[in-house]
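Take these sequences, add in the hints, and give me the full structure.
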Amino acid sequence: MRNIASPKRKLLLAVAAAVLYAASVAGTPAKAAGEQTIETQKWSFSGPFGMFDRGQLQRGFKVYKEVCAACHGLRLLRFRNLGEPGGPEFSSAAVKALAAEAEVQDGPDDEGEMFTRPGRPSDAFVSPFANKNAARAANNGAYPPDLSVMAKARARGPDYIYSLMAGYKETPDDLELAEGMSYNTAFPGHQIAMAAPLDDDAVEYTDGTAPTLENYSKDISAFLMWAAEPKLEERHKLGFRFMIYLIILAGLLYLVKRRVWAGLKH
Amino acid sequence: MAHASSYRPNTAIGKWFDVRLPVMRMMHDQFNDFPTPRNLNYLWTFGGILTFFLVVQLATGIVLAMHYIPHESMAFDSVEKIMRDVNWGWLLRYMHANGGSMFFLAVYIHIARGMYYGSYKAPREILWVIGVFIFLAMMATAFMGYSLVWGQMSFWAVTVITNLFSSLDSIVDGLGTAVVQWIWGGFSVGGPTLTRLFSLHYLLPFIITGLVILHIWALHVPGSNNPTGIDIKSKSDAIPFHPYYTFKDAYALCLFVILFMGLVFYAPNFLAHPDNYIQANPLQTPPHIVPEWYFLPFYAILRAIPDKLFGVIAFAGSIGLLAFLPWLDTSKVKSTRYRPIYKWFFALFIINTLVLGYLGAKPAEGMYLLFARIGTAFYFAHLLVVMPVVGWFEKPSAMPGSITDDVLGKGSGGGRPSAATASPGRR
Ligand code: HEM
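So the protein sequences, as listed, match chains Z and A.
Numbered per the numbering used here, the first sequence spans residues 1 to 266.
Numbered per the numbering used here, the second sequence spans residues 1 to 427.
Keep in mind the hints are simulated off the structure, nothing from the lab.
Pairs of lysine-lysine residues, derived as BS3-like cross-links and limited to a Cα-Cα distance of at most 25 Å, are as follows:
1) A:K332 with A:K343
2) Z:K42 with Z:K169
3) A:K81 with Z:K132
4) Z:K96 with A:K81
The following block contains the structure:
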């Protein structure tokens, strides 16, 4: 009547279907945003064994510091993070020097006054504007968002940031851009209040990497991915050990279970 | 299942305890020697898996709560700081977030198992009803937990769901508005709302724990159902829970944990919505407000009804009706295995629920809305019409005489291939 293997197979199928289903519904809302052109890139950090490329993170940080930092904050990062394992891994002397370039507000002092001092590695990155209104006032009414978790706050984060940076194309003739807006093929609606921040030769690279828009876009995207997920490498490394352990455990449990059940009369 | 106690304390301290507080005797009789049908398949391992996830959520949640700050301007950053500055914080947070999803995946399989094998039928009605209460409490807990992140989706999901109570305005003018403002603790979702959601998110899991204890108690009075739906009749129908099911459950749990930790380590945000990494902004409504995946079928039902109040009633009814299955199902046999007609309706019901879930993630317009309406009608028709009517006229197919007959391939089942005599563990 019933095939002995079938209930189990059916069960496996059902579980697989449930997982696929969860995956499909989780993936769907993201696509609804419309005709954005997002180019998939090869990232050193994707996949279960993915790790960041130190050189790329250091270059990406340079791009951020010299270009994006004029408008965008990274409030969740601290200077010490730049020297921690799994990140750009700047030397501790370099981290101290980078921190000291920042003017950090501190206080109140003994007289009750606030004062500024050079930054320390334990300080957070200083945002370029005192508040949202100041940011808007300086940017034509548009607000340049903090980039700390940007790579997680957009569907296909790093690919999206890459495509956004490289997406400033010739405005089509039939499109009337609003005042102060730029045409961008990756941005939803194609009109963005951020003027193209990067172009070839905008930032000097000292490690021999070609100073092209393409490379800048890749490097800043990888850097922002690290900024959003600084524990990615630790996660992948621990995951590998954990999964091996679990798979061996599952195999052993299966064998024990089989032995236990083999004793049952049938 | 009531059975003679086989516990024999053999240490002095064991004997001392046994006449004062016989917990060891209870553990032994309920989880070691407990007589269990010998033919349970892997769908019966999800009870253990669910218990495991309750513990995971409690353990990770309590540590998260030590670092989390339930304040409207600090909550979002505090979650990120947990992941950056707390030792193993990223692991705790991703386990807690994905653990919620796994909890629901397991509970849906668990509920579908109960529906397929008629596990809600006498004498397990109370067991089933407690299960529905656990499911409701889980939904409330997960909803409140999701709001704590205080991202855009958190904020707007809370706004949409709490606003449902304003539908009471159409019964008593002003009542709904008053209730909603009472829930919010103000005139909009804000800081006071967040602190009460946090307080309740901490409380409810312990209520769930209490319900789970009652659930297992109610299970251990009649004992487990099984794929045939036939009661245990003789000694050979049952085996002790330990070691047979302890090891089977442990093996299945391990496989499920591989799926869980695979998500945590390699795709921790796969089931999350990117908008929830944008800090809540009361002035900016996201283009699509979608709940977490596990709420989607019910969200589709809510939006399928054009009238707000009736939408809320349908939403509540779609879950609440489950509690009445023991009385809506008129079938003489428990297991759908022996129900040639209902089998097909059951398959349709599952597919329909999945389709509703898909539609719940889509905008409620055009064809999506039309299909959501058809799916909603079908959902209720299944519970209110198919279950009573089919059970009443359907003629069950031939059944084995006992659990043992089913396992050993004797009885009316007949014609089993010889490979079928492998151990029941291979089923
Ligand atoms: C039935 C058990 C539980 C379920 C289903 C559950 C579910 C959830 C969910 C879905 C989230 C949102 C996760 C995210 O997207 O980041 C969350 C967050 C949270 N939960 Fe729970 N939870 C449970 C138990 C607990 C317990 C017992 C505590 C301890 C007090 C707790 C504390 C927290 C905290 C502090 C957060 C916010 C931090 C975060 O988002 O990671 N939870 N919960």
